[in-house]
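Enquirer: Sequence:
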Amino acid sequence: MARYLVIVESPAKVKTIKKFLGSSYVVMASQGHVRDFPKSQLGIDVEHDFEPKYITIRGKGEILAELRKEVKKADKIYLATDPDREGEAISWHLTKALKLEGKKVYRISFNEITKKAVKESIKNAREIDMNLVDAQQARRALDRVIGYKISPLLWKKVKRGLSAGRVQSVALRIIADREEEIDAFIPEEYWSLDVLLKVKGERKPLTAKFYGTEKEKMTIRSEEEKNQIISELENETFQVAEVKKGERSQKAPVPFTTSTLQQEASKVLNFATQKTMRIAQQLYEGVDIKGQGTIGIITYLRTDSTRISDEAMEAAKTYIGEVYGPDFVEDTEKKKDGGKNVQDAHEAIRPTDIARTPAMVKESLTRDQFRLYQLIWKRFTASRMKPAKYETTSVKIDAGKYRFTVAASKILFEGFRQVYVQADEEKTQSNVLLNGLTKESELTKESFDSRQHFTQPPAHYTEASLVKALEELGIGRPSTYAPTISTIIARRYVAKENKNLYLTELGEVVNNMMRKSFESIVDVNFTANMEGLLDKVAEGKVQWKTVISNFYPDLEEAVEVAEKELEEVKIEDEVTDVICEECGRNMVVKYGPHGKFLACPGFPECRNTKPYLEKAGVSCPKCGKEIVIRKTKKGRRYYGCEDNPECDFMSWQKPSDKKCPKCGGYMLEKGNKIVCADETCGYVENKNKEK
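Numbered per UniProt numbering, the sequence shown spans residues 1 to 691.
To be clear, the hints were calculated from the coordinates, so they are not data collected in a lab. Please note: incorrect hints may appear among the correct ones.
What the hints assert, rightly or not - Heads up, simulated EDC-like pairs for lysine to aspartate or glutamate below, C-alpha to C-alpha not over 16 Å straight-line:
id, residue 1, residue 2
1, 633, 505
2, 96, 36
3, 516, 560
4, 445, 234
5, 654, 183
6, 673, 214
7, 622, 643
8, 673, 188
9, 545, 45
10, 590, 614
11, 156, 560
12, 215, 497
13, 545, 51
14, 290, 363
15, 633, 497
16, 157, 657
17, 60, 45
18, 670, 234
19, 401, 214
20, 267, 368
21, 654, 626
22, 157, 563
23, 251, 331
24, 104, 75
25, 53, 36
26, 445, 232
27, 687, 669
28, 275, 368
29, 615, 657
30, 244, 45
31, 516, 51
32, 198, 497
33, 204, 505
34, 658, 669
35, 545, 49
36, 396, 440
37, 654, 234
Please work from the sequences and hints to get the whole structure.
Expert: Next up, the structure:
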């Protein structure tokens, strides 16, 4: 009897796939990569055409020995690693590690782990796609030379154990640039002005918002300006100038890609990107569904395409027609505007069977698995449904030379909203008062409602918004978003607090060094162009070693220059006036994983350390003592009084010694400006301004 060996990546898939294939198939797992560059050396022969040197990964010897035993018994070997570049490379490495040359070896891949998809893949077995393998080799080699050449410089400059990376260093720079924007942001005052109007014959008042004049929109910049407008309106008659009715439609969202799934799961379910990917992996690899056995319930989770198969589309049309009615079925195919960076290698993320509703599988899934599956199922189902339709009413109300507006919408047809509403969608409320409003309606002013506001700085990046930024800039790929964010948090370059990502002092030091010495590596356009080159390798248009050979000399030169410069700017241990209580020496400033700390220079004889509180050079606005730079538990920097906890003063921005000439309060440094800490005061002056 013939014997076939199927090698997958994950042990979780073994049970699922074995059940589909029957007794003549043996299914085993490689448990990811089996070969990689050696840890102790570069692993790329730069003298001889950048030939890579691969060795067996430590701990994989036993797995390979078991696989070799089965290889000897097998008539055919099917390599069923994941359907992406990484999976293609693992299959190629397996052929080398298991010495499969000359044997009957086939590459199979499937976008979903279902009986039909797995059996179909065996019928359509193919050879390993060396273009995809080379694209992965190029990515890995680029990451290796950047990490291997630059990381030792970070060790010299700051501390051992730090790292630089092609994607992680750019992600760090994006966060650092946003922090600079926020720090330099000066809030500007503005006012909103609403008028409550009584409509003759109606009990409830109508609220209209200030727009400006008939000719242009106006922003009210101060309380004086607002009071002037109100005084001009006091004796004016309010009348309806225009009532405009219309219809608008809201298109259904496209199905999830890796990036949009990570973003929506963060907003709706509060999942970190890493958690989203871990749970999606479980749903893809197979879960034990009551009455159906172990089965993969979503398609492959690493994709940047919104395409879906004809079969899935037909199944969706049938399901929606039966459950919601034929009026809800969308006939035309929806496509996201695919940028030049979309590889379109796989389908979008969708349920493997739309008829397997979240309610049907709820008992078989953990709470988090259920919530993520429900999100994926709803989004996919909605994507195949008709747009929602609204009736819109917009009213213009004039009083003297000023104009107010009211807008409302009423849903006419739910469409896809029957199933799914996006997390960040604004809620529009229908205003029933507008239905009977005409130009002849009599309006009487009841009162004004005004509020002071201040413009807000750009928001701190969250994991979701950083993923969105990386995708829009063409940096990284679906498989790299989550590991990149996890790395910069694990290295403590970035701290995560209440979903927001903040640059730590350590992150600031590393980013400044990278920007100074390796400007091209942390340049957004350079990194995006490099991704484009890797795509060309995958398409067979560029040789992978050409990419490395063109990049390496510039990197080597930059490293040589940086090594000379860094020797000149290398941080020496800063001696302080703090005396070590154990041996009497003056303690010095050292860098650790959490930033600076004080250590005795007598190490290793004396191991005394203590927290380092760097003085900011200004006095506390509350008690007059020194302001010191402190850190939150997660490494975010702030300014606090040295007399804490007796004095509770704290500020995210550096306080200034200057008092505000307008209100007498304390001021803050923001970029090249000094601003009053009290936003309602709003006083601003240039740093170098002399009074």
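Enquirer: Each of the hints needs a verdict: does it hold here or not?
Expert: Against the structure, the hints come out as follows:
1. Between residue 633 and residue 505 the CA atoms are separated by roughly 13 Å; this keeps the pair inside 16 Å, and the hint holds.
2. At roughly 12 Å between alpha-carbon atoms, residue 96 and residue 36 fall within 16 Å of each other, so this suggested pair holds.
3. This hinted pair checks out: residue 516 and residue 560 have alpha carbons roughly 13 Å apart, not beyond 16 Å.
4. With a C-alpha separation of about 9 Å, the suggested pair residue 445 and residue 234 falls inside the 16 Å cut-off, and the hint holds.
5. For the given pair, residue 654 sits about 10 Å from residue 183 by alpha-carbon distance, which is consistent with the 16 Å threshold.
6. Note on residue 673 and residue 214: the hinted pairing is violated, with a Cα-Cα distance of about 37 Å set against a maximum of 16 Å.
7. Proposed proximity of residue 622 and residue 643 is supported: the alpha carbons are some 11 Å apart, at most 16 Å.
8. Of the pairs offered as hints, the one joining residue 673 and residue 188 holds, with about 14 Å between alpha carbons and a cut-off of 16 Å not exceeded.
9. As the CA atoms of residue 545 and residue 45 are separated by approximately 11 Å, the hinted pair is consistent with the 16 Å bound.
10. Our distance criterion of 16 Å between C-alpha atoms is met by residue 590 and residue 614, whose separation comes to about 12 Å.
11. Distance check on the hinted pair: residue 156 and residue 560 sit about 14 Å apart at the alpha-carbon level, within 16 Å; holds.
12. Among the hinted pairs, residue 215 with residue 497 is inconsistent with the structure: their alpha-carbon atoms are about 45 Å apart, more than 16 Å.
13. A threshold of 16 Å between alpha carbons decides the hint, and for residue 545 with residue 51 the separation of about 8 Å falls inside it, so the pair holds.
14. A threshold of 16 Å between alpha carbons decides the hint, and for residue 290 with residue 363 the separation of about 8 Å falls inside it, so the pair holds.
15. Our distance criterion of 16 Å between C-alpha atoms is met by residue 633 and residue 497, whose separation comes to about 10 Å.
16. At roughly 33 Å between alpha-carbon atoms, residue 157 and residue 657 are farther apart than 16 Å, so this suggested pair is violated.
17. With a C-alpha separation of about 24 Å, the suggested pairing of residue 60 with residue 45 is violated against the 16 Å cut-off.
18. This hinted pair does not check out: residue 670 and residue 234 have alpha carbons roughly 41 Å apart, beyond 16 Å.
19. As the CA atoms of residue 401 and residue 214 are separated by approximately 7 Å, the hinted pair is consistent with the 16 Å bound.
20. As the CA atoms of residue 267 and residue 368 are separated by approximately 14 Å, the hinted pair is consistent with the 16 Å bound.
21. With a CA separation close to 12 Å, the supplied pair residue 654 and residue 626 stays within the 16 Å bound.
22. Using a Cα cut-off of 16 Å, the hinted pair residue 157 and residue 563 holds, with the two alpha carbons roughly 10 Å apart.
23. Annotation: proposed proximity of residue 251 to residue 331 holds, straight-line Cα distance about 13 Å (limit 16 Å).
24. Distance restraint check for residue 104 and residue 75: the Cα-Cα separation of roughly 7 Å lies within the 16 Å cut-off, and the hinted pair is therefore satisfied.
25. Pair hint residue 53 plus residue 36 holds up; C-alpha atoms about 8 Å apart against a cutoff of 16 Å.
26. For the hint pairing residue 445 with residue 232, the CA-to-CA distance comes to about 13 Å; that is within 16 Å, so the pair holds.
27. Of the pairs offered as hints, the one joining residue 687 and residue 669 holds, with about 8 Å between alpha carbons and a cut-off of 16 Å not exceeded.
28. As the CA atoms of residue 275 and residue 368 are separated by approximately 9 Å, the hinted pair is consistent with the 16 Å bound.
29. Between residue 615 and residue 657 the alpha-carbon distance is near 13 Å, which keeps this suggested pair within the 16 Å criterion.
30. With a C-alpha separation of about 72 Å, the suggested pairing of residue 244 with residue 45 is violated against the 16 Å cut-off.
31. The hinted pair formed by residue 516 and residue 51 fails the criterion: a straight-line CA distance of about 31 Å is larger than 16 Å.
32. For the hint linking residue 198 to residue 497, the alpha-carbon distance of about 47 Å lies beyond 16 Å, and the restraint is violated.
33. For the proposed pair residue 204 and residue 505, the alpha carbon gap of about 55 Å is over 16 Å, so the pair is violated.
34. The hinted pair formed by residue 658 and residue 669 meets the criterion: a straight-line CA distance of about 10 Å does not exceed 16 Å.
35. Under the criterion of a C-alpha separation no larger than 16 Å, the hint pairing residue 545 with residue 49 is consistent with the structure, at around 7 Å.
36. With a C-alpha separation of about 13 Å, the suggested pairing of residue 396 with residue 440 holds against the 16 Å cut-off.
37. In summary, the hint linking residue 654 to residue 234 is not supported, as the alpha carbons are separated by about 45 Å, beyond the 16 Å threshold.
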